[in-house]
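Given next are the chains, with one letter for each unit.
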Amino acid sequence: MSPDRAALFTATGFFLAGFGYTVRSLSRGKPTATWPAFLLLLAGFSCQCAFLLWRGRDLGRCPITTPFELLTFVSWAMVLLYFLTGTAYRLSLLGAFTAPLAFVLQSTALLKPESAALPARSRPGFWPEMHATLSLIAYGAFALACVAGILYLIQDRLLKRHRGMQVVRHLPPVHHLSQAVHRLILTGTIILSSGILAAYQMPNRPPVGKLAFVWAIWSIYAAILAYDHWRGMSPRKAAWAASLGFLLPIISLWVVVRR
Amino acid sequence: MPVVCLGLSHSNAPVEVRERLAFASRDLPDAVASLSSQQGISEAVIVSTCNRIEIYAAGDSPSPAVESWLRLRFQLDGDLPFFRHTDGDAASHLFAVVSGLDSMVLGETEIFGQVKDAYSTAHSSGTTGRLLNKLFQHSFRVGKMVRNSTDIQRGSTSVGSVAVELAEKIFGDLKETRVMLLGAGDMSRRCAQSLQSRGASAIVVSNRSYDRAVELAAEMSGRAILFDAWPAEVAETDVIISSTAAPHTVIHPDHVLPALRRRRGRPLFIIDIAVPRDVDPAVNNIPGVYLYDIDALESIAGETRARREQEIARCLAIIKDQVRSLPLFQPSPDGAPSPIHRPA
Chain A
32 MSPDRAALFT ATGFFLAGFG YTVRSLSRGK PTATWPAFLL LLAGFSCQCA
82 FLLWRGRDLG RCPITTPFEL LTFVSWAMVL LYFLTGTAYR LSLLGAFTAP
132 LAFVLQSTAL LKPESAALPA RSRPGFWPEM HATLSLIAYG AFALACVAGI
182 LYLIQDRLLK RHRGMQVVRH LPPVHHLSQA VHRLILTGTI ILSSGILAAY
232 QMPNRPPVGK LAFVWAIWSI YAAILAYDHW RGMSPRKAAW AASLGFLLPI
282 ISLWVVVRR
Chain B
9 MPVVCLGLSH SNAPVEVRER LAFASRDLPD AVASLSSQQG ISEAVIVSTC
59 NRIEIYAAGD SPSPAVESWL RLRFQLDGDL PFFRHTDGDA ASHLFAVVSG
109 LDSMVLGETE IFGQVKDAYS TAHSSGTTGR LLNKLFQHSF RVGKMVRNST
159 DIQRGSTSVG SVAVELAEKI FGDLKETRVM LLGAGDMSRR CAQSLQSRGA
209 SAIVVSNRSY DRAVELAAEM SGRAILFDAW PAEVAETDVI ISSTAAPHTV
259 IHPDHVLPAL RRRRGRPLFI IDIAVPRDVD PAVNNIPGVY LYDIDALESI
309 AGETRARREQ EIARCLAIIK DQVRSLPLFQ PSPDGAPSPI HRPA
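From first to last, the protein sequence lines stand for chains A and B. My numbering numbers the first residue of the first sequence as 32 and each following residue consecutively. My numbering numbers the first residue of the second sequence as 9 and each following residue consecutively.
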């Protein structure tokens with residue numbers, strides 16, 4: 032097995048272990064120490080960095096040339112954004128629930144038959160590379176908003192129904208989660224806007240269908256922000272929108288991966 | 009040299025008895041010095057709180073010496089419901105006390121600090137020696153061990169602490185939260201004080217009797233408003249604690265919905281302590297509003313209490329192991345009394 036693939040297998044193992052640790056703590060009703068889950072996520076992230084570094088060095092460019100690499104890159108961007116937002120807003124448990132999504136993305140990547148093969152070296156140019164990289168980082172932000180949205184919906188339901196205090200105690204405060212959803216959607220939309228702008232700077236524009244799909248994703252998240260700004264969206268609606276909205280980036284990744 | 013623990017607590021003596029034997033904290037250094045100078049006593053620590061008066065003493069014949077000193081000091085006659093533990097049983101009892109197992113609120117942590125203060129007073133008065141130093145220092149380690157490895161102190165056991173815990177799960181940090189009291193009842197005041205102790209600021213009090221509102225607002229460094237003016241404050245409030253004596257509901261969805269639009273997604277926590285209830289249950293259906301009435305709060309506190317009761321056996325097993333690890337304090341082989349005295 033090549034070292035980059037081995038690094039990715041190890042990262043996937045760390046993400047699975049991080050999620051397993053949290054589920055075990057929650058199911059036993061025990062206090063969840065945040066540092067083991069954080070360390071496991073950090074270890075997984077380090078392995079992802081090693082993979083991207085090796086691949087990037089071998090390819091001579093950002094490693095987002097195959098579906099296998101795309102999925103890995105989105106997973107890496109999501110974990111990176113967690114470290115930037117989760118720790119800043121003390122949403123430590125968000126990390127624990129980021130781990131399963133990272134695990135799913137990584138496993139899907141590793142299951143692709145071409146995951147072992149190294150694509151041919153090519154230099155697509157600055158703008159195409161920027162467009163792809165920024166779009167995938169934005170997807171990472173939307174993925175994290177989806178996780179925060181799901182956690183919000185669980186916590187909101189438990190608090191409304193006056194039950195499950197054992198679980199309520201372990202989940203972050205609802206207000207922090209709704210703020211995280213908003214900030215992550217805003218961050219993702221800004222980054223995706225930059226990615227779209229980069230697409231229009233490319234010497235050879237991407238196909239119309241592909242651009243239309245990216246615009247559709249952008250429109251959904253921009254509409255959420257606009258509605259919230261002008262009309263005031265309830266945190267529950269925003270959480271549903273963030274959770275279901277991520278289906279579109281997932282579909283676009285699925286289309287790319289199936290190619 | 010035997011070590012004895014003699015005392016009484018909330019479980020075996022009513023407050024009328026306990027208050028007769030209570031030591032004021034300023035008198036403790038002199039009292040413990042006086043006790044340790046008695047014939048038959050070489051070391052002594054006095055633990056005196058509102059729920060217990062316990063004397064730990066080591067010496068040639070500490071038990072009769074402690075009792076006669078107490079009778080003389082407080083001019084007691086007749087039988088008093090003292091419990092007595094010796095050596096390992098005294099150690100077991102002290103470990104249970106510092107772990108909160110013998111407290112009125114099972115698992116509470118205040119007793120740990122109170123015992124630490126009592127030991128510190130005795131230590132600085134020079135009334136502790138090899139035996140009691142070892143016993144008390146080990147008890148603090150056991151107290152921490154019990155708390156860290158069991159769920160004996162997890163969760164909230166009173167309405168006030170449940171309200172605080174829920175507020176923290178809704179808002180996170182309570183430093184910026186604004187609280188409004190509707191009605192000036194004692195329970196709502198205590199609830200607001202619990203929130204204040206965790207950083208809640210800007211208390212607003214609204215009551216049908218404006219004078220009472222002013223009085224309570226002054227007590228809590230807050231602001232009083234006329235009762236008719238409270239709906240206008242909802243948009244600026246994070247926690248509403250309602251305990252009016254009204255025979256009908258006071259807060260309806262119509263009061264909350266317009267305010268929510270101006271709150272821009274910030275949640276609203278409503279605590280309804282009144283019976284009959286002040287808040288229309290339909291308010292809980294509004295997104296972003298969390299309504300808890302007295303039954304809901306009591307039920308959460310009750311669940312926690314029940315869970316803590318289930319943890320007692322685990323705590324006692326730890327205490328038993330720890331007493332075994334102290335060769336100087338072996339428990340009596342048969343018929344050892346329980347180290348805790350919880351009411352059945």
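Just so you know, the hints here were simulated from the structure itself, not pulled from any lab data. Here the structure is a predicted model, which is why all the values come from computation and not from measurement. Be careful, since some hints might not be right.
[What the hints assert, rightly or not] Derived contacts from chain B toward chain A, CB cut-off under 7 Å, selection only:
id	residue
1	Val-113
2	Lys-177
3	Ile-178
4	Arg-272
5	Gly-273
6	Pro-275
7	Gly-296
8	Tyr-298
9	Ala-309
[What the hints assert, rightly or not] Listed next, the in silico DSBU-like pairs over lysine-lysine satisfying Cα-Cα at most 35 Å (straight line):
id	chain 1	residue 1	chain 2	residue 2
10	B	Lys-183	B	Lys-152
11	B	Lys-152	A	Lys-268
12	B	Lys-328	A	Lys-191
13	B	Lys-328	B	Lys-183
14	A	Lys-143	A	Lys-241
[As the list claims (entries may be wrong)] Just so you have them, the derived chain B footprint on chain A, three or more residues with Cβ under 8 Å:
id	region
15	188-199
16	222-233
The C-beta atom is built at its ideal place from N, Cα and C for all residues, glycine as well.
Verification of the supplied hints:
1. Val-113: Cβ of Val-113 (chain B) sits 17 Å from chain A, so the hint is violated.
2. Lys-177: With a minimum Cβ separation of about 5 Å from chain A (threshold 7 Å), the hint on Lys-177 (chain B) holds.
3. Ile-178: Holds. Min distance 6 Å.
4. Arg-272: Because about 6 Å separates Arg-272 (chain B) from the closest Cβ in chain A, which is inside the 7 Å limit, the hint holds.
5. Gly-273: 5 Å, holds
6. Pro-275: 6 Å, holds
7. Gly-296: Holds, about 6 Å.
8. Tyr-298: For Tyr-298 (chain B), the interface hint holds, since the closest Cβ of chain A sits about 5 Å away, which is under 7 Å.
9. Ala-309: 10 Å, violated
10. B:Lys-183 - B:Lys-152: Roughly 29 Å between the alpha carbons, so the hint for Lys-183 (chain B) and Lys-152 (chain B) holds.
11. B:Lys-152 - A:Lys-268: With Cα atoms ~44 Å apart, Lys-152 (chain B) and Lys-268 (chain A) exceed 35 Å; violated.
12. B:Lys-328 - A:Lys-191: 42 Å, violated
13. B:Lys-328 - B:Lys-183: 42 Å, violated
14. A:Lys-143 - A:Lys-241: Distance ~22 Å between Lys-143 (chain A) and Lys-241 (chain A) Cα, so the pair holds.
15. 188-199: holds (count 5)
16. 222-233: Coverage by chain B is violated here, the residue count being 0 at a Cβ distance below 8 Å.
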